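Student: Following the hints, put chains Z and F in place on chain W, whose structure we already have.
Line by line, the protein sequences are chains W, Z and F.
The opening residue of the first sequence carries number -10 in my numbering; numbering runs sequentially from there.
The opening residue of the second sequence carries number 7 in my numbering; numbering runs sequentially from there.
The opening residue of the third sequence carries number 295 in my numbering; numbering runs sequentially from there.
Rather than coming from a laboratory, the hints here were simulated on the basis of the structure.
Bear in mind the structure is a predicted one, so any value in this text is a computation, not a measurement.
Beta carbons are placed, not taken as given, at the ideal position from N, Cα and C, and that holds for glycine.
Among these hints, one or two may not hold up.
Anything over 12 Å on all C-beta distances counts as not near chain Z; from chain F, calculated [unchecked claim]:
(1) Thr364
(2) Ser367
(3) Asn374
(4) Trp379
(5) Tyr380
(6) Ala382
(7) Lys387
(8) Ile391
(9) Gly393
Derived lysine to any residue pairs resembling SDA-like cross-links, with alpha carbons at most 25 Å apart [as the list claims (entries may be wrong)]:
(10) F:Lys308 - Z:Ala41
(11) Z:Lys319 - F:Ile495
(12) F:Lys308 - Z:Ala220
(13) F:Lys434 - Z:Leu46
(14) F:Lys387 - F:Thr361
(15) F:Lys516 - Z:Ala41
(16) Z:Lys124 - F:Leu323
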Amino acid sequence: MRGFLHGLVRLRRGPWEMVASVLIATGVFMLMQPFALWAYSWSFLVTLTGTVMFIVVSHFPE
Amino acid sequence: MSHLNMDSVARATPRHLSRRIRGLSDRAIAWVFVAPTIFLLLAVNIFPLIWTIRLSFTNYAANRPNAEVQWIGLRNYERILSDPDTWATMQATAHFLFWTIVFQVMIGFALAWLINQKFRGNDLWTTIIVLPMMLSPAVVGNFWTLLYQPQLGLFNSIVGFFSGADPTSFSMIGDVHLAPWSIVIVDTWMWTPFVMLICLAGLRSIPDSIYEAAECDRASRWRQFWTITVPMVLPFLMLAVLFRGIENFKMFDLVVQLTGGGPGNITTLTSIELKREAFEKWRTGYSSAYAVILFVTVFGLASIYVKALNRVKDR
Amino acid sequence: MSAHSITEPSVRQKWFAGALVAAYALITLLPLLWIIATGFKSSSDAIAYPPKILFEPTLEGYVNLFTAQTRQSPEYLAQNPPATWYEAIVHDKGMVIAGPSRYGERFMNSVIIGFGATFLSVVLGTLAAYAFSRYRIPLKDDLLFFILSTRMMPPIAVAIPIFLMFRNLGLSDTHAGMILLYTAVNLSLAVWLLKGFIDEIPREYEEAALIDGYTRFQAFMKVVLPQAATGIAATAIFCLIFSWNEYAFAVLLTSGTAQTAPPFIPTIIGVGGQDWPAVAAGATIFLVPVMVFTILLRKHLLRGITFGAVRK
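Bound-form chain W, shown alone (with noise of 0.2 Å):
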């Protein structure tokens, strides 16, 4: 965990990529999620942001 922290801090590949990753899981899963809605009008908001995130962080430094 505190590797993690650090790596987020130095702005280093590995720690960003798990955010984006887990951004665009979240964002899939609120797209197809059968409980609320409101989850559902913002799921493409978070998948974006989560996408565009990974491109740009997958130019970190490893």
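Tutor: Only chains Z and F this time, still in chain W's reference frame:
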């Protein structure tokens, strides 16, 4: 930056070629080799993608090319993302996605584990099991409608024979409760071998020496399975799950032939809904926005997939 | 206890595993066998209740598949006795053959488009894969990801702008349009798969050739290509199978002259619904080549389905 490079290389090519190809520097060869691929993909994928994004902010209709096109901002997105019917097709997709992955992982892993027992003739059986995966989903899906028929279908007869139920008493495709399962069954039949093959690769990548060491430590078979086999196969399983997830998220051919989205809208997956909006109702602007939502979702999942791919590659 | 027995399963275990796998294989094979069997059934046997396992084989389905037929009066039929065995089959139903059906054309479309797209994507793919494998290309990883991501896109979503583009360029329902489209879709697989195969060829071979006075290009043609031949063949078969099976683009972008077999086969209808023996016959002819290819490919299957990442 890269675009600039590519353009100059593309324009410079004929002159270089006339000076015989032997005169090309390494760098020029690299670009001459890569350029046609990139160019074709730009023309057939990226250009249309940009066009789709543009259309998604308009009310364009492809069957009325002369009608006035209005710029309507984000209204298409708002309508899709607040429409309960579209949400319902997403849930139908989720049901399909979830259960196909559950069944395929369970059966696929079990089969891979059994095949890895290295019995005689395992190559032959593996090849037979793999066959359905390679066949045309549309053609096979169409034929499954015969197997599913209540009176004359082989599937109903076999289920009836083993369960004692009357084979004419249920209709896999016509019944609202059974139809979502009918597509899950056929997809599982087709794609379990895919998960199986990847799991098998994972199992075979585990060196025997690890098991031998565990045996020396007197670890039980059960313990070995959970502490060695499962963790070592997990990256491979991730790969299989992600790929099946992406493929089934955009599933079209098999289901459209099998149920056509019916009965009602119960098996209308996102791609089927998109096809109706775009090519039957001709709401091109609206369906472009829908397409962009699917694009972004798939693109996001694909980035995670490539990450998983690279992790497996190092093994 | 010897080291051998630790990792090697016991005889009973092997037998048990073998039996289970064989049972699964037979169940999974059943629908395919049923397709092939239905192709040789008569119309009434195909829709008999309960389903018939034993039946009298007939070529009626295949004759129906390849011919268009019209009903004729008994007098006409009596005056024109059948000249060939296939005319006799049709004759018995009170019909005469009016001409060939569309199946032959659709099948040929599949062949032309399949081979055309395969050829193009393998040629372009080999060049690109070689460059990606051997040279330093700026933004290489991004380009490779971009190439792969084009494969992942939902076909229906891509089809909307492609439909408009083809309409403007006059490519709708043409062989050229479909070949171009399938080439673009196949390229990603071809590049990734071939890059894996070329990565495995040691660079020393080319370097030796360069020292012998070959140019880079000659080294590529005379050293790398022969070494990669198996990989190129496997890639070609994968591309061929994809174009062969593709349905979504075909059904949306073709309707007549360039329509391939997958959208056509489900539309084969007879009197009162689908003519199942004819559908099954068409499916058999269409599926059997892929089954043969799969058996030929079995050693490379894993690479093909994971874009060359998993090599066993």
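Student: Please go over all the hints and tell whether each is borne out by the structure.
Tutor: Taking the hints in turn, this is what the structure says about them:
no.	hint	result
1	Thr364	26 Å, holds
2	Ser367	32 Å, holds
3	Asn374	34 Å, holds
4	Trp379	27 Å, holds
5	Tyr380	24 Å, holds
6	Ala382	27 Å, holds
7	Lys387	20 Å, holds
8	Ile391	25 Å, holds
9	Gly393	24 Å, holds
10	F:Lys308 - Z:Ala41	52 Å, violated
11	Z:Lys319 - F:Ile495	17 Å, holds
12	F:Lys308 - Z:Ala220	21 Å, holds
13	F:Lys434 - Z:Leu46	17 Å, holds
14	F:Lys387 - F:Thr361	14 Å, holds
15	F:Lys516 - Z:Ala41	22 Å, holds
16	Z:Lys124 - F:Leu323	22 Å, holds
In terms of the numbered hints stated before, the structure departs from hint 10 and from no other.
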